[in-house]
Amino acid sequence: MSNAIETRSLRKEFGEKVAVANLTLTVQRGEVFGFLGPNGAGKTTSIKMLLGLVAPTNGDGTVLDAPLGNVAARAKIGFLPEHFRFQDWLSGREFLDLHGRLYGIASSKRKTSVEKLLARVDLYDAANRKLKDYSKGMLQRIGLAAALLNEPQLVFLDEPTSGLDPLGRLIVRDVINELRAQGTAVFLNSHLLSEVEITCDRVAFVKDGRVVRETSLHETSNVIDVELIVRNASPELLRDLSQFGKHVKQLNGTIHLETETDARIPELNRWLVARGMDVYKIGAAKPSLEKMFLDVMGEDARAG
Amino acid sequence: MRGIFTISQLTIHEALRKRVLLAALVLGLAFLILFGVAFYFMNREVIESPRGPETQAQRALVYIFLTMAGLYAVNFLMVMMAALLPVDTLSGEIRSGAIQSLVTKPLRRSEIVLGKWLGFWVILAGYLLLMGGGVLLISRVVSNITPPNIAIGLGLMMLEATLLLTLSIAGGTRLSTLANGVLVFGLFGLAFIGGWIEQIGSLFQNETARYVGVIASLIVPSESLWQLAAYNMQPSLMRDMTLTPFSPASVPSGAMVVWAIGYTLVVLVFGVWSFRTRDL
Ligand SMILES: Nc1ncnc2c1ncn2[C@@H]1O[C@H](COP(=O)(O)OP(=O)(O)OP(=O)(O)O)[C@@H](O)[C@H]1O
Ligand SMILES: [Mg+2]
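Top line first, the protein sequences correspond to chains Z and A. Position one of the first sequence corresponds to residue 1 (the numbering used here), numbered consecutively onward. Position one of the second sequence corresponds to residue 1001 (the numbering used here), numbered consecutively onward.
Just chain Z, with the same shape it has in the complex:
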């Protein structure tokens, strides 16, 4: 089957400012794709180009096999904008009904979808209140519901949990899992890496408007990150540790090194004790997305 999204060298300049330099990526149908990067990296601008909100300065692409901005394809796309601002003089129920109408959904179908989604995002009790009286998180919830109204094949979620309480975040996580189960592709922008780690199949890191790394989160890594806390770690100790693994470095009082197997951990522990070191903590840490983010972006990453 064809891909949900394909882009070739998309570029967007706002005057002098290059918001997206060169975006080439592929998102498969049914895949949950995380799009990560520091503030100002061009994530929102990329989504806007894919949706036809912003015209690319250069490059092109397809979304659900249609050229960017194609009107008919939008019937199968859902979108939760970053700054969820809506027709706030409508009630939650009226808002969803309106958006269902704009999608061209027949009225009987619309009614059941609206009620189902109100319950899904836990806004049933607030459904008759005006959006202008909603809290930030409630607006984000109703926006999420609106993005799902048309049973889309592709959903763009631009920081869907930025205003949500822990329960709301759980809803988003479940919704994404349901979408995956239905074969819907999800394009997710988020700064909450722990959530991305749980929900996404694949992630791309963007920096200064370019994809600098793409990685599948299902690949089992054969590198183990060992974390170690000892008292009075000397430079000599750090040097000698390299016999146990690569990339030895000390970050905020914790020593990290990479080994191929966890069998080296007890060995390392005995060695440390034999040297008379006080060991406070020793163990394997799965290389986290957060660490990967910092590695990829570099410690000096600045908001662009």
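Accuracy of the hints is not assured; some may be wrong.
Derived DSBU-like pairs: lysine-lysine, alpha-carbon spacing no greater than 30 Å straight-line [said to hold, decoys possible]:
#1 Z:Lys132 to A:Lys1018
#2 Z:Lys109 to A:Lys1018
#3 Z:Lys111 to Z:Lys136
#4 Z:Lys130 to Z:Lys111
#5 Z:Lys291 to Z:Lys246
#6 A:Lys1018 to Z:Lys130
#7 Z:Lys111 to A:Lys1018
#8 A:Lys1018 to Z:Lys136
#9 Z:Lys76 to Z:Lys116
#10 Z:Lys116 to A:Lys1018
Think of the hints as simulated: they come from the structure by calculation, not from any bench.
Using the hints, position chain A with the ligands against chain Z.
Structure of chain A with the ligands alone, referenced to chain Z:
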């Protein structure tokens, strides 16, 4: 087409919900009541009194004059509504980002612009029927007189409102709400002043003043349309009393109507193009 109607309905719904229409209606009704009471007492105390006009024809003239004064006020209300109602509709939604949830639906951007335009057009047409009809009804009931060519006159007033509405919508595709308001009222003001310069110019046979006035009317034909409407709605006797706001010394030609229609269409097409080609 479905998209246009959905957006029009949404526009009307919004105007109702935000009580904009309520405010306009209350204002309009207050005006009609004032007009009715004033007309009634003018009629009883002045026109039909022994000190009043002697012949039937003179009386008719005064009645028509009063009716025209009422329609002139309605014209002002229409201008205000046409310029103000749509001034924020695109610029406000673009600024807040609410427009993003509309333009990512399976709708053409042109349908959004045209839908909003149509929604406001319907509101304005309803308002003109109510207010213009109210003034005409009051004068009919009190004085038993109706000005000639009402359909043409109201049609021209609607064309004027349509023109300003279209300017306001088109401006909102690129300008902030405030800048758009300043632009539309500025243009209307230009036409208004230009219209008077032209009148004074023709009265004193000053070609330069007339020329300046005509240029202003070409830039924004709104005031010319009112003058043409007023000219059509009065009997020939009254047309000779120059320099009231409703009996122009120089009557805009029929070509001005063609110009105004073409002007409106071009501005509308520009507005659609401008909205289609911008980043949101
Ligand atoms: N309309 C615009 N005009 C000018 N510059 C813009 C515009 N929109 C975005 N930019 C610039 O483009 C860059 C990328 O912005 P974008 O919103 O895509 O970042 P982002 O990755 O979504 O950031 P965040 O994580 O903060 O949401 C920023 O430097 C921003 O200032
Ligand atoms: Mg963003």
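Hints and how they fare:
At most 30 Å may separate the alpha-carbon atoms for a hinted pair to count; Lys132 of chain Z and Lys1018 of chain A meet this at roughly 12 Å. For the proposed pair Lys109 of chain Z and Lys1018 of chain A, the alpha carbon gap of about 29 Å is at most 30 Å, so the pair holds. Distance restraint check for Lys111 of chain Z and Lys136 of chain Z: the Cα-Cα separation of roughly 25 Å lies within the 30 Å cut-off, and the hinted pair is therefore satisfied. About 18 Å separates the Cα atoms of Lys130 of chain Z and Lys111 of chain Z, which keeps this hinted pair within 30 Å; it holds.
This hinted pair checks out: Lys291 of chain Z and Lys246 of chain Z have alpha carbons roughly 16 Å apart, not beyond 30 Å. A C-alpha spacing of about 12 Å is found between Lys1018 of chain A and Lys130 of chain Z, which places the hinted pair at or below 30 Å, so the restraint holds. Our distance criterion of 30 Å between C-alpha atoms is met by Lys111 of chain Z and Lys1018 of chain A, whose separation comes to about 25 Å. Between Lys1018 of chain A and Lys136 of chain Z the alpha-carbon distance is near 22 Å, which keeps this suggested pair within the 30 Å criterion.
For the proposed pair Lys76 of chain Z and Lys116 of chain Z, the alpha carbon gap of about 19 Å is at most 30 Å, so the pair holds. The hinted pair formed by Lys116 of chain Z and Lys1018 of chain A meets the criterion: a straight-line CA distance of about 29 Å does not exceed 30 Å.
In this structure, every one of the numbered hints holds.
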